[in-house]
Amino acid sequence: DTGVSQDPRHKITKRGQNVTFRCDPISEHNRLYWYRQTLGQGPEFLTYFQNEAQLEKSRLLSDRFSAERPKGSFSTLEIQRTEQGDSAMYLCASSAVGTTSYEQYFGPGTRLTVT
Amino acid sequence: LAKTTQPISMDSYEGQEVNITCSHNNIATNDYITWYQQFPSQGPRFIIQGYKTKVTNEVASLFIPADRKSSTLSLPRVSLSDTAVYYCLVGDWAGNFVFGPGTRLSVLP
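Which chain is which? The protein sequence lines are W and F, in order. Mapping to this note's numbering: the first sequence position 26 is 26, numbers consecutive. With positions in the second sequence counted from 1, the corresponding number in this note's numbering is that position plus 115.
Source of the hints: derived by calculation from the structure; they are not laboratory data. Keep in mind that this is a model prediction, so the values were computed, not measured. Glycine included, each C-beta is placed from N, C-alpha and C at the ideal position. Watch out, some of these pointers could steer you wrong.
Computed footprint of chain W on chain F; a stretch qualifies when at least three of its residues, placed anywhere within it, have a C-beta under 8 Å from a C-beta of chain W [what the hints assert, rightly or not]: (1) 158 to 171; (2) 215 to 224.
Okay, the calculated beta carbon distance ranges per label pair [what the hints assert, rightly or not]: (3) S27(W) to K118(F): 34 to 40 Å; (4) T2(W) to P122(F): 32 to 38 Å; (5) R81(W) to F154(F): 31 to 37 Å; (6) R192(F) to K57(W): 42 to 48 Å; (7) A53(W) to L223(F): 45 to 51 Å; (8) R64(W) to D126(F): 37 to 43 Å; (9) S66(W) to P155(F): 28 to 34 Å; (10) G72(W) to S156(F): 41 to 47 Å; (11) L39(W) to S196(F): 20 to 26 Å; (12) L39(W) to K118(F): 18 to 24 Å; (13) P224(F) to R81(W): 46 to 52 Å; (14) G40(W) to E132(F): 24 to 30 Å; (15) E132(F) to Q17(W): 46 to 52 Å; (16) P70(W) to P224(F): 49 to 55 Å.
Model the full structure from these sequences, guided by the hints.
Written out as structure tokens, the structure is:
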């Protein structure tokens, strides 16, 4: 088991472009979470999947943000029409069946810079 | 959502015990208390979780009083490698949780 992986690790894009990030959770984990973290702040919860079902999405930052987990394995987070305020670290985490949501294993994150 | 309050920063010396307290006055019955550690440019790492009283694992202890309105993370005999940001997290299993502002711990030689 190699842990949670995220791709890419860094992304630089121009304002107005769309970006997509990928997260591969730990293989036996059925829960997957996305967070955003800005400098000096704690991670901000965005959305959560259990298997392929997106159980919480009201805290996605705007309708420009969307996430999918089509087969209950990897997940993607897409940001459309990026803005400079979207510059942040985007973190993915996963957790296993039978544990509470807090035993989450985080990936290394994708750092987004919007110019 | 329960809001948490932690000290912004703390300093300690190697070998000392460090206690970081988190206030969560509006904690709900179903909420658990969890602490995470984060190093620069890395994702947070789970440290410990509890509901009430005291929980201990190989790296830390968590003390929760009967009213559950606060909790204290205790790190025994810290080393330089414990320099990190520590987050207090309160919420239930359904994803209703918020990371606190974090406490930046600096361990000095």
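Cβ-Cβ distance between R64(W) and D126(F): within 37 to 43 Å? With Cβ atoms ~41 Å apart, the hint holds.
Whether the CB-CB distance between G72(W) and S156(F) falls inside 41 to 47 Å: The hint (41 to 47 Å, Cβ to Cβ) is violated, given that G72(W) and S156(F) are roughly 29 Å apart.
Are E132(F) and Q17(W) spaced within 46 to 52 Å by their CB atoms? holds (50 Å)
At least three residues with a C-beta closer than 8 Å to a C-beta of chain W: is that true for the segment 215 to 224 of chain F? With 3 residues closer than 8 Å to chain W, the segment 215 to 224 of chain F meets the three-residue bar; holds.
Between P70(W) and P224(F), does the beta-carbon spacing fit 49 to 55 Å? holds (50 Å)
Holds or violated: 18 to 24 Å for the Cβ distance of L39(W) and K118(F)? holds (21 Å)
Within 24 to 30 Å: is that where the Cβ-Cβ distance between G40(W) and E132(F) falls? holds (27 Å)
Could you tell me whether the CB distance from R81(W) to F154(F) stays inside 31 to 37 Å? Hint holds: Cβ distance 33 Å, inside 31 to 37 Å.
Indicate whether the distance between the beta carbons of A53(W) and L223(F) respects the range 45 to 51 Å. holds (47 Å)
In this structure, is the beta-carbon distance linking T2(W) and P122(F) contained in 32 to 38 Å? Given about 35 Å between the Cβ atoms, the range holds.
Consistency of beta-carbon spacing, K118(F) to S27(W), with hint 34 to 40 Å: holds (35 Å)
Can you let me know if the beta-carbon spacing of S66(W) and P155(F) is within 28 to 34 Å? This hint holds: roughly 29 Å between Cβ atoms.
Hint check: a violation occurs at hint 10 only; the rest are consistent with the structure.
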